[in-house]
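Colleague: Spelled out, the chains give:
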Amino acid sequence: MNRYRRRTLALELAMIAAALFVGFPVYVLVNLAVRPTSDTSSPIAPTASPTLDNFTQAWQQGALGGALANSVLVTACSVAIVLAVSSFAAYPLARVTARWSRGAYLLVLLGLVLPFQLASLPLYQTMRDLGLLGTPWALVLFYSGLQVPFTVFLYAGFLRALPRDFEDAALIDGCTPLQGFRYVVLPMLKPVSVTALVLNAVAVWNDFFTPLLYLSGSAQQTMPVAIAGFVGQYVTDWNLIFAALVISILPVLIVYFLLQRSIINGFAGGLRG
Amino acid sequence: MTLAPHEHLEDHDRIPGTAPVDKARTRRPRNTPPWWFALPALLLFGFVVLVPSARGVYYAFTDWDGLDPHFSFVGLGNFADMFSDADAKQAIWHTLLIAVSITVVQNALGLALALGVNTAIKSRNVLRVFLFAPAVITPIVTAYLWRNLLGPEGAVNSLLGAVGLDGWRQDWLGSPRLALWAVVGVIVWQFAGYSMVIFLAGLQSVPKEIHEAAAMDGAGPARRFWSVTRPLLAPAFTINLMLSIIGGIKLFDQVYALTGGGPGHATDTISTLIYKDAFTLGEFGYSIALAVVLTIIVAVASTGQYLVLARNERAAS
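First to last, the protein sequences are chains A and B. With this note's numbering applied, the first sequence covers 1 to 273. With this note's numbering applied, the second sequence covers 1001 to 1317.
Mixed in with the good hints there might be a few duds.
Here are some chain B residues the structure puts well away from chain A; computed CB gaps all over 10 angstroms [to be verified]:
id : residue
1  : D1166
2  : S1175
3  : F1225
4  : S1227
5  : A1315
Output of the computed footprint for chain A on chain B, the stretches with three or more beta carbons under 8 angstroms from beta carbons of chain A [claimed, not checked]:
id : stretch
6  : 1081-1087
7  : 1287-1298
Think of the hints as simulated: they come from the structure by calculation, not from any bench. Ideal Cβ placement from N, Cα and C applies to all residues, glycine included.
Given the sequences, and given the hints that come with them, work out the whole structure.
Modeller: As structure tokens, this is what we get:
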């Protein structure tokens, strides 16, 4: 069944063709980004005189360095907070069968169906009153709450499938619940934590609607909003815009190719969790 | 199921000659984490999601403009307006159309790719990494990339010209008839690999022995897929369909970047209309009423889908 036959070769070629089809836009992206503005030949023809000028120009004029730093700050802080509070909360919610625990868990699950468009407009007013509008901290606060339902759901599902023997033993050995969580439960949560880390980081990094609302008009931008602003400013200068797009994609793709196994397993992990 | 120690430690289990078991400990033999562990997460969730959502539902019945502290209660007025608002009705229709199309096409392609990758081909690991790669790229960035590719002078038209299909060249995003499908195509391009990865995880959980046994019993490839693989893929279907339909219903970024809802209102979705009504027209009350409709659609779609798929999953296992 697993021998390499002529049909397997045909399938292999078909799959590679599919991959090339998927990769075609990326080829055009790079091809236009390294092309001087004077080169107006067809976008699918490789450029004759590649240059990196567009990249330096985009980097300087788009304030992309600051946006990159903000994106890193917002993603790192939000994900750290979400993972900490959600794993901590999932522990009693998965283990305690009292009525308050079930009620609280159902309330959290309700958050899975509430689209953030519903909360984000009233929250806009609250952020304004708190003076957080236009700062990255508005985003950190927002994601720290927004991502709780999904992350608690992941952790609680995983915890329910874990045997309780170790925790019970730790308690009998004199651990406080806090120590039991820190030294016994948390290390066992490592696989689901990788999934939660990957999915939350990608969701926060890529989000556009929220920073568009909460950071509009301020100098503080995250990468997606900076890119949108850049496109708005250089409307038809596609060589420059494409250079900016490449700059914004590059850090993500580098991390992706370095950690591809963990990242793909993280995405697929929702299936097992 | 493992039996935890001390689970049923009652007096009659006591080994003769030992001291009676402490009653208090037998009643609470388990490590029960205290309730306040859940407090930080619940407070954040309440502050960011629950309270604003509840306020949102309230504002949906008012004529609030987002700034003025004085606003009045208009009852079902905002919802009644929706019925006479052609843009809103159109946006709701587009949202459903996009969600259903993405769900069908993306999952069909994702499944085909997963079946292709999950074979003896040599490039399967590399293909998996490359086909999934678009899914990690920021959607707004891929959307701007495609806005250029699909333009009148873009690479898609150049490619069509290069293979002799000059008659097919179009302004893909400028045509009210095609723009919506162009948006669907861009999303499928980006996320088919995501569906593939989830199907792959499901396929790899199908034991090889079952396939071999079915093959020995004379089942052909199609029969093996239908009777062996498909039922075991049920959990992967559940996750994939949920992700794509809810993602499709909430769609905002790609429409914003590709067409801005245009040409005219040909690609407006509920989410782009929410944004426009609130931030360019200042109609917060109406905008939030639209968000309430969005919530209801998401809730109905996900509950309905969950019930149907949970039943299939039970039937399959």
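Colleague: If a hint holds in the structure, say so; if it doesn't, say that too.
Modeller: We went through each hint and held it up to the structure:
{"no.": "1", "hint": "D1166", "in the structure": "holds, 13 angstroms"}
{"no.": "2", "hint": "S1175", "in the structure": "holds, 20 angstroms"}
{"no.": "3", "hint": "F1225", "in the structure": "holds, 14 angstroms"}
{"no.": "4", "hint": "S1227", "in the structure": "holds, 16 angstroms"}
{"no.": "5", "hint": "A1315", "in the structure": "holds, 19 angstroms"}
{"no.": "6", "hint": "1081-1087", "in the structure": "violated (count 0)"}
{"no.": "7", "hint": "1287-1298", "in the structure": "holds (count 7)"}
Figure legend: structure checked against the earlier numbered hints; the only hint not met is number 6.
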